[in-house]
Amino acid sequence: MSGMGRTDDGRGRLGNVLSNLAVAVGCVLFLGGFAWGAVVYQPYTVPTASMTPTVNAGDRVLAERVDGADVRRGDVVVFTDAAWGDVPMVKRVVGVGGDKIACCDKNGRLTINGKPIEEPYLQANGGALLVEADGEAPASVEEFTAEVPEGQLFLLGDERTGSLDSRVHLKDPGQGSVPRSAVQARVDAVAWPMNGMIERPEAFAALPGGVSSSGPLRLQIGAVLAGVVLIVGGAALGAIAGRSARGSKRAGTDAGVR
Numbered sequence: 002m003s004g005m006g007r008t009d010d011g012r013g014r015l016g017n018v019l020s021n022l023a024v025a026v027g028c029v030l031f032l033g034g035f036a037w038g039a040v041v042y043q044p045y046t047v048p049t050a051s052m053t054p055t056v057n058a059g060d061r062v063l064a065e066r067v068d069g070a071d072v073r074r075g076d077v078v079v080f081t082d083a084a085w086g087d088v089p090m091v092k093r094v095v096g097v098g099g100d101k102i103a104c105c106d107k108n109g110r111l112t113i114n115g116k117p118i119e120e121p122y123l124q125a126n127g128g129a130l131l132v133e134a135d136g137e138a139p140a141s142v143e144e145f146t147a148e149v150p151e152g153q154l155f156l157l158g159d160e161r162t163g164s165l166d167s168r169v170h171l172k173d174p175g176q177g178s179v180p181r182s183a184v185q186a187r188v189d190a191v192a193w194p195m196n197g198m199i200e201r202p203e204a205f206a207a208l209p210g211g212v213s214s215s216g217p218l219r220l221q222i223g224a225v226l227a228g229v230v231l232i233v234g235g236a237a238l239g240a241i242a243g244r245s246a247r248g249s250k251r252a253g254t255d256a257g258v259r
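Note that our numbering has the sequence shown beginning at 2, numbered continuously upward.
Hints listed in this document are in silico derivations from the structure and should not be mistaken for laboratory results.
Ideal placement from N, C-alpha and C gives every residue a C-beta, glycine not left out.
Do not take every clue at face value.
[As the list claims (entries may be wrong)] Between beta-carbon pairs, the in silico distance windows are:
| id | residue 1 | residue 2 | range |
| --- | --- | --- | --- |
| 1 | THR81 | ALA240 | 32 to 40 Å |
| 2 | VAL230 | THR162 | 44 to 52 Å |
| 3 | GLY210 | THR162 | 27 to 35 Å |
Model the full structure from these sequences, guided by the hints.
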């Protein structure tokens with residue numbers, strides 16, 4: 002009987018060790034994921050509907066702090082430029098230095114260096130854009146052309162009927178473009194409401210330079226969730242081990258009395 006008591010007690014101690022280890026690792030993952038996210042990402046509240054339907058007015062987004070040199074076509078960025086009011090704005094990069102931007106081709110599409118670009122994020126607007134005879138919504142309600150100087154970015158809102166974007170500044174120096182240094186962050190996800198990650202448009206991937214990679218947000222969320230699972234699982238294991246140890250002690254006491 003005493004040998005069995007020692008075995009059960011050993012299992013209880015092992016359970017406690019595993020429980021403490023799981024909780025400790027879980028806390029590291031949970032807190033580390035949040036800390037990592039706080040260093041890499043900046044939350045913003047989008048004030049206008051110029052990026053509808055990708056980002057709506059009032060949405061809370063998570064934007065990765067990046068250098069303007071890392072920005073690629075198709076990125077949704079947060080930037081501040083004096084010519085645009087010197088306040089943070091959210092727009093999509095459609096052209097980089099050396100690009101010739103034009104709209105629209107015979108099918109109503111934006112072209113970059115003569116290559117038409119499919120923009121599926123515009124189609125979700127329903128009737129927000131003017132609809133041409135063939136039923137397709139044009140990429141812009143007014144035609145325009147612009148050449149982007151080196152080191153600059155040409156930006157448009159996804160809601161092309163009301164967005165005050167590079168088209169409004171075509172007569173400014175740089176034909177509506179802003180310097181890469183004006184970029185503060187790249188939007189990776191809509192945090193509230195939880196609409197998820199903002200994917201890079203495939204059409205821009207075929208152009209020189211391709212598209213940017215997603216930030217580490219998925220890894221950070223995974224670390225936080227894994228931490229929660231380990232903390233809860235470790236606490237449950239500790240409770241089970243504690244009950245097992247108490248049951249073993251009672252059994253040993255009863256055996257001694259007999």
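A quick look at each hint next to the structure:
1. The hinted range of 32 to 40 Å is not satisfied by THR81 and ALA240, whose Cβ atoms lie roughly 52 Å apart.
2. Between VAL230 and THR162, the C-beta spacing of about 46 Å keeps the proposed range 44 to 52 Å intact.
3. Hint check: GLY210 to THR162, Cβ distance near 29 Å, so the stated range 27 to 35 Å holds.
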